[in-house]
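Engineer: Since the structure of chain P is provided, determine the placement of chain F on it from the hints.
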Amino acid sequence: MSALFGVELRRLLARRLFRLTTLLVVAMFVVGGVIVFFASKTSPAEFEQAASEREAVFESCINSQGFGVPSEEIEDLERFCREETAAMSADPRFDYGEMTDNLTGLAFPLLMLGWLLGASFIGAEWHNRMLTMTLTWEPRRTRVLLAKAGALALVVAVWILVLEVLYAAALYPAAAVNGITDSVDTAFWREMASIALRVDAMSVIAALLGFSLATIGRNTAAALGAGFAYLAVIEGLIRGFKPVWSRWLIGDNVGLFLVGELNTMPGRSRADAMALLLAYAAGFLALAVGFFRQREMT
Amino acid sequence: MSVIEVHGLHKSYRRLRGGTTVAVDGLDLVVEPGGVYGFLGPNGSGKTTTIRCLLGLARPTQGTCKILGEDSWTGLHRVIRKVGSIVEAPAAFPNFSGRRNLELLAGIYGIERRQVDRALETVDLGDRGKDLAKTYSLGMKQRLAIAAALLKDPELLILDEPANGLDPAGIREVRDLLRRLGTEGRTVFVSSHILSEVQQICDHVAILSRGRSVAAGPVAEVLSRGRVAGMLLRIADAEQAIATLNAAGIPAIRHDSYLRLEIAPAEGARVSEALARRGLYPIELKADEVDLETVFMELTETPAGSHP
Numbered sequence: 010m011s012a013l014f015g016v017e018l019r020r021l022l023a024r025r026l027f028r029l030t031t032l033l034v035v036a037m038f039v040v041g042g043v044i045v046f047f048a049s050k051t052s053p054a055e056f057e058q059a060a061s062e063r064e065a066v067f068e069s070c071i072n073s074q075g076f077g078v079p080s081e082e083i084e085d086l087e088r089f090c091r092e093e094t095a096a097m098s099a100d101p102r103f104d105y106g107e108m109t110d111n112l113t114g115l116a117f118p119l120l121m122l123g124w125l126l127g128a129s130f131i132g133a134e135w136h137n138r139m140l141t142m143t144l145t146w147e148p149r150r151t152r153v154l155l156a157k158a159g160a161l162a163l164v165v166a167v168w169i170l171v172l173e174v175l176y177a178a179a180l181y182p183a184a185a186v187n188g189i190t191d192s193v194d195t196a197f198w199r200e201m202a203s204i205a206l207r208v209d210a211m212s213v214i215a216a217l218l219g220f221s222l223a224t225i226g227r228n229t230a231a232a233l234g235a236g237f238a239y240l241a242v243i244e245g246l247i248r249g250f251k252p253v254w255s256r257w258l259i260g261d262n263v264g265l266f267l268v269g270e271l272n273t274m275p276g277r278s279r280a281d282a283m284a285l286l287l288a289y290a291a292g293f294l295a296l297a298v299g300f301f302r303q304r305e306m307t
Numbered sequence: 003m004s005v006i007e008v009h010g011l012h013k014s015y016r017r018l019r020g021g022t023t024v025a026v027d028g029l030d031l032v033v034e035p036g037g038v039y040g041f042l043g044p045n046g047s048g049k050t051t052t053i054r055c056l057l058g059l060a061r062p063t064q065g066t067c068k069i070l071g072e073d074s075w076t077g078l079h080r081v082i083r084k085v086g087s088i089v090e091a092p093a094a095f096p097n098f099s100g101r102r103n104l105e106l107l108a109g110i111y112g113i114e115r116r117q118v119d120r121a122l123e124t125v126d127l128g129d130r131g132k133d134l135a136k137t138y139s140l141g142m143k144q145r146l147a148i149a150a151a152l153l154k155d156p157e158l159l160i161l162d163e164p165a166n167g168l169d170p171a172g173i174r175e176v177r178d179l180l181r182r183l184g185t186e187g188r189t190v191f192v193s194s195h196i197l198s199e200v201q202q203i204c205d206h207v208a209i210l211s212r213g214r215s216v217a218a219g220p221v222a223e224v225l226s227r228g229r230v231a232g233m234l235l236r237i238a239d240a241e242q243a244i245a246t247l248n249a250a251g252i253p254a255i256r257h258d259s260y261l262r263l264e265i266a267p268a269e270g271a272r273v274s275e276a277l278a279r280r281g282l283y284p285i286e287l288k289a290d291e292v293d294l295e296t297v298f299m300e301l302t303e304t305p306a307g308s309h310p
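Here the protein sequences line up with chains P and F, keeping their order. Each residue of the first sequence is one higher than the one before, starting from 10 at the first, in my numbering. Each residue of the second sequence is one higher than the one before, starting from 3 at the first, in my numbering.
Chain P on its own, in the form it takes in the complex (with noise of 0.2 Å):
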């Protein structure tokens, strides 16, 4: 089995669409730290202007004892005002404080990553008979199936979390040379943590799922399709006319356990929304692995 894993690691990491999609999405990193780094440089003039207009507002906000949000809603008074202040301000600079939001944003395109390297890795398999071949080495098809997904997950994980530091770093130079990084601090830091694994978990999800697919679809396009239909079309629907359903639904458990709190589905937590998005993605597999080894191979 630890073998099976093993070729299956090295499979992946070898695939062309694996290697050219970190080259692109490291690129455009690269490409946005360098647009960010530049735009975020202000001239004298700007930069007195802005300041003024903060201290201004970040005076204001500690006069107000916080702009008349309850005080027990306000942990640290400075900390609240410095981020409102960033929020409220027109500072030019970028401020890395942010970046707790952009990873976030970034959620949602590094889990279609994790979806389109799932379906596409045994959707390939499929469409070059390599299971077939792969069977005639290991005829034990739970095996196969398990070591190909168990590499997939944890190739999606390293890579994902690898993409997400790559973001981070390729943004900071940015905030460090000609933005803020006031707020970069230990909580700073830990929150950030702590998004990029949410993230990472939810990729994995999604990586999982789209494998399944695939292999009960057997293509990467009857995986993606799929996907398509589901997110776009089925979501929206049971949204619309079924609200009390959405609380099932991928979509919004991904949003939930994400940001810790939707106004759709009130009570829930965020462990709620795991553990339903890891059963939903334990039975896909199971359902792939159930269908895989009754599959006749042709």
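FYI, nobody ran anything at the bench for these hints, they're computed from the structure. Where a beta carbon is used, it is the ideal one built from N, C-alpha and C, also for glycine. One thing to keep in mind: the hints can contain errors.
Covered stretches of chain P (in silico footprint by chain F; criterion: 3 or more residues with CB under 8 Å from a CB of chain F, positions within the stretch not fixed) [as the list claims (entries may be wrong)]:
| no. | segment |
| --- | --- |
| 1 | 14 to 26 |
| 2 | 133 to 140 |
| 3 | 147 to 154 |
Going by beta-carbon spacing under 8 Å, a handful of chain F positions derived as facing chain P [said to hold, decoys possible]:
| no. | residue |
| --- | --- |
| 4 | ALA60 |
| 5 | ILE110 |
| 6 | GLY112 |
| 7 | ILE113 |
| 8 | TYR138 |
Structural biologist: What follows is chain F alone, placed relative to chain P:
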């Protein structure tokens, strides 16, 4: 112990619009260790389906398939290390090199890299091993598949049409390779439609028609099945020769531009002697040899109107 045992194998598929297609219909087959075993049959006769059942890729509807004593559907993993195979068209990852394709397979059993090199050399792909598989011709892909089958240093090779896509030189190389593998103590089970090749390399043969075995056994035995040994005679005065030979107790009938004599080739001297006594001299006298193609056509030919 037989290396392959197939008993009462039935395999049918449901059609989308109802009904079933019977691919294999009660096949029995036993392959003993060593040598090359030819598995012949026209397209659609069930050869590939049988091979798929043998390799656990398809589940028999009825009957059993065993390889090296293990049931193909439930126990194949215990012996698969000793079985190399090709099923239908050669499979490879197109964006990986030939070598990488083999290395990934080799990794499943921790087969050393030098064995990958050796397998590539064996099929004459040593120089092209680093090229992407998608740049290979069909013949090269076929050779890559043969290399993959040889990687495990198998006791039993199951090869489905291994000469497909190969040029004449390639076919000859594969023929020599299979012959050599068969004499090394391995068992080579090869399906093919190139009958002359099978006749040259196989020790045993089974002929399949409509999912059933219509003949099986040593090649010479299958060739002579249902046939009376005979000789062919070409002579100037055919009428007088027929009369002379019949009088000598040698039945003779016209057969194209020859006379066919119902006499074993070993008794050819009797023919010459009878004719010479009457002053008749043959232009040509030879054994009436039956080739596999003739037997194959006779055994697998479908009588008119018997199609389903």
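Engineer: All hints, please: hold or fail.
Structural biologist: Each hint tested on the structure:
no., hint, verdict
1, 14 to 26, "holds (count 7)"
2, 133 to 140, "holds (count 4)"
3, 147 to 154, "holds (count 3)"
4, ALA60, "5 Å, holds"
5, ILE110, "5 Å, holds"
6, GLY112, "6 Å, holds"
7, ILE113, "10 Å, violated"
8, TYR138, "13 Å, violated"
In summary, the structure is inconsistent with hints 7 and 8 from the numbered list given earlier, while agreeing with the others.
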